[in-house]
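So the sequences go chain by chain: V and E. Per this note's numbering, residue 398 is the first one in the first sequence, and the count goes up by one each step. Per this note's numbering, residue -12 is the first one in the second sequence, and the count goes up by one each step.
Worth flagging that the hints you see were computed from the coordinates, not collected in a lab. Each hint should be verified, as a subset may be incorrect.
Below, a sample of chain E positions facing chain V; criterion: calculated Cβ distance under 10 angstroms [said to hold, decoys possible]:
| no. | residue |
| --- | --- |
| 1 | Val9 |
| 2 | Ser10 |
| 3 | Thr12 |
| 4 | Gly29 |
| 5 | Tyr32 |
| 6 | Ile175 |
| 7 | Asn219 |
| 8 | Ser238 |
| 9 | Tyr270 |
| 10 | Gly273 |
| 11 | Glu276 |
| 12 | Ala277 |
| 13 | Lys279 |
Once the Cα atoms are required to be at most 35 angstroms apart in a straight line, the calculated DSBU-like pairs of lysine-lysine come out as [unchecked claim]:
| no. | chain 1 | residue 1 | chain 2 | residue 2 |
| --- | --- | --- | --- | --- |
| 14 | V | Lys547 | E | Lys194 |
| 15 | E | Lys86 | E | Lys198 |
| 16 | V | Lys575 | E | Lys194 |
| 17 | E | Lys86 | E | Lys164 |
| 18 | V | Lys434 | E | Lys129 |
| 19 | V | Lys434 | E | Lys164 |
| 20 | E | Lys58 | V | Lys478 |
| 21 | V | Lys582 | E | Lys194 |
| 22 | E | Lys261 | V | Lys434 |
| 23 | V | Lys582 | E | Lys164 |
| 24 | E | Lys22 | V | Lys478 |
| 25 | V | Lys434 | E | Lys112 |
| 26 | V | Lys582 | E | Lys198 |
| 27 | V | Lys575 | E | Lys198 |
| 28 | V | Lys674 | E | Lys129 |
| 29 | E | Lys89 | V | Lys434 |
| 30 | E | Lys279 | E | Lys112 |
| 31 | V | Lys674 | E | Lys164 |
| 32 | E | Lys157 | E | Lys60 |
| 33 | E | Lys22 | V | Lys547 |
No experiment lies behind these values; they were computed from the predicted model shown. Think of the CB as a built atom: it goes at the ideal place given N, C-alpha and C, for glycine as much as any other residue.
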Amino acid sequence: MSWLLRTNRDSLLSVAVVGEITHTAVEGAYMTSWDGKPIVGVGRGGIVYNVKVGDPCFGWAWGDKVEPGVSADGVGSDGEKGSFRNFPCVGNEVKVFGGDAKGATGVVVGKVGYFPEGRHHVVIHFDDETLEKLAIGDKVQVRSMGIGLKFEDYPDVRVVGLSPQLLDAMGLREEEKKIVVPVTKVIPATYVGQGSGGAPSESSNWDVMTQSPDAVELLRDLRLGDVVMLEDILSAWGRGYYEGGATVGVVSCGASQRMGQGIGVTTLFTSRDVELKPKLCPEANIGKYLKLGARK
Amino acid sequence: MIETNRDRLLKVAVLGEIISPVSTTYRAQWDGEPKIPVGMGGIKYNLKVGDPCFGWASGDHVEPGVTIQGKEKPNPSECALAMLSCIGNEAVAVSGEGKGAKGVYTGRHAGTDDLVWFGDDDLEKLAIGDKVMVRTIGVGLKIRGFDDVRVNKCSPRLLESLGIEVVEGKLIVPVVKEVPPFLMGSGIGFSPVSEPVDYDIQTTDPKAVEKYGLRTLRLGDVVALRDQLCINGRGYYRGALTIGVIVHGASDYAGHGPGVNPILTTSGGRITTKIQPDANIAYYLGLREAPK
């Protein structure tokens, strides 16, 4: 048994990418729920003051895909937006570059995509003091690092959105030539919905569908920030089903009433074959790993 | 025999335009290999409903026949052509050298757009940019006594030709294959509107393609999707069943594969299936001679 995975971390580039705090996403009219009811859907990004990593995925009044903390999207050309959507990795540091909170720092905790007109959220944790000072439109810069990360002894594992900061904290270890990953839940492919067919794997997310009662039963106790494994799901060069594959990700948004949508999972790393072994651990949450502090 | 409300349906004209294929740069396949895809958009002279989903050189999401698009709004998925056209509706070319040519609407691929079958002689006359009108009928179609079965994008002509029997209060629908829920991919969760969107049976796991017998799928095949509900959008629901028509071919992109337009869907357990290898709209709609 070994506690230290060999990686190429010394070869990683650290690159600044810039974004802006978004307005919370609301649609012009009511959205339609899976069972044909009109719904509003509160909490889809922007500045959400009272939900943080560690909070539940279910149970928010009229909440739909609730994101913990603050969301930002890229600005400028499609390419410039793309850099902000692809390069940040979970655990990277974020700095506020304008407004009353100038100089404050936060941490990337996930990504959520598939908004109308192709908009995309990088979800960022800030402490309560900073949240009070932030405004929609404030400029944030991510010190991105993690793209190209490799586990040297596991060539079939593709690292997608894992920062060195989170790698050091999430308790990965090796056992019988497999990487053992602490997760709160292993989720079968049957429940994995929107996100399929999406590319690149670096941006956006998977959704774990929350309409069927059996799915709700399985997922009810999931928390934002939980580390989970998606079974038979490969997220290497785009997202799709692959028997024997696995995707390890972070829960980046809450449950949904919309058909085929649900709890967001942002990919950390993925494997085509069985090189990743889950170990159930109720505390496998990035709030604990990155010491982000729960809601007050 | 099923009874429907077909005498209460409105018949409405909608307009589309034959679009050009689009080609930009390589895209990574599921395994990281680059690919330049062909077969989406425009006029496909040698691909029709009834042909295989797999095996076309550099083909990806191949669409049979002629691809048209609604133009009255910026987003084709919000155009009347996308919302109102039903599989089996009559189409007619209304401009260009092929003016007057009659075709049949065969489904919608949300990636590029609405698909129309034309005969070989007419294909020779059609040009990109020509206008094609569809005489839509089918929106609001219901099967009497089966209010919990949602009919979607299905003309009365197709519904009545599917060979549906009613046995002990259930609809028995002939299908070529049943597909397990975990194979449903791209298109799942997209938009709560059922009419304009297809979704894909994933074919990027070679093991799954063999294990579930997907390689024999044909364009126009009628299939059953287990535990899938497509009333307001598309997604997993235990015990639900969706019957759909294959509108486009296989794919090498992760999460993609032959696209399905749902035509019947229910959570209420009132549809069962019967395996029939030639359950294909090409035969039902008289676009190919049925096998003897």
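Going through the hints against the structure:
1. Val9: violated (16 angstroms)
2. Ser10: Nearest chain V Cβ about 17 angstroms off; hint violated.
3. Thr12: Threonine 12(E) check fails; min Cβ-Cβ to chain V is 13 angstroms, beyond 10 angstroms.
4. Gly29: violated (22 angstroms)
5. Tyr32: Status violated, d = 28 angstroms.
6. Ile175: holds (4 angstroms)
7. Asn219: This interface hint holds because 5 angstroms falls under the 10 angstroms limit.
8. Ser238: With Cβ-Cβ at 8 angstroms, under 10 angstroms, it holds.
9. Tyr270: violated (30 angstroms)
10. Gly273: violated (33 angstroms)
11. Glu276: violated (35 angstroms)
12. Ala277: violated (34 angstroms)
13. Lys279: violated (37 angstroms)
14. Lys547(V) / Lys194(E): Cα-Cα ~26 angstroms, so holds.
15. Lys86(E) / Lys198(E): The given pair, whose Cα atoms are some 46 angstroms apart, is violated under the 35 angstroms limit.
16. Lys575(V) / Lys194(E): holds (22 angstroms)
17. Lys86(E) / Lys164(E): violated (38 angstroms)
18. Lys434(V) / Lys129(E): OK: lysine 434(V) and lysine 129(E) at ~21 angstroms, within 35 angstroms.
19. Lys434(V) / Lys164(E): holds (32 angstroms)
20. Lys58(E) / Lys478(V): holds (28 angstroms)
21. Lys582(V) / Lys194(E): Within the cut-off at roughly 26 angstroms; holds.
22. Lys261(E) / Lys434(V): Holds, at about 33 angstroms.
23. Lys582(V) / Lys164(E): Between lysine 582(V) and lysine 164(E) the Cα gap is close to 32 angstroms, so the pair holds against 35 angstroms.
24. Lys22(E) / Lys478(V): holds (25 angstroms)
25. Lys434(V) / Lys112(E): Violated. Lysine 434(V) to lysine 112(E) sits at ~47 angstroms, over the 35 angstroms cutoff.
26. Lys582(V) / Lys198(E): holds (27 angstroms)
27. Lys575(V) / Lys198(E): OK: lysine 575(V) and lysine 198(E) at ~27 angstroms, within 35 angstroms.
28. Lys674(V) / Lys129(E): violated (49 angstroms)
29. Lys89(E) / Lys434(V): violated (40 angstroms)
30. Lys279(E) / Lys112(E): The hint holds at about 32 angstroms.
31. Lys674(V) / Lys164(E): OK: lysine 674(V) and lysine 164(E) at ~34 angstroms, within 35 angstroms.
32. Lys157(E) / Lys60(E): violated (40 angstroms)
33. Lys22(E) / Lys547(V): holds (25 angstroms)
Hint compliance for this structure: hints 1, 2, 3, 4, 5, 9, 10, 11, 12, 13, 15, 17, 25, 28, 29, 32 are broken, all remaining hints hold.
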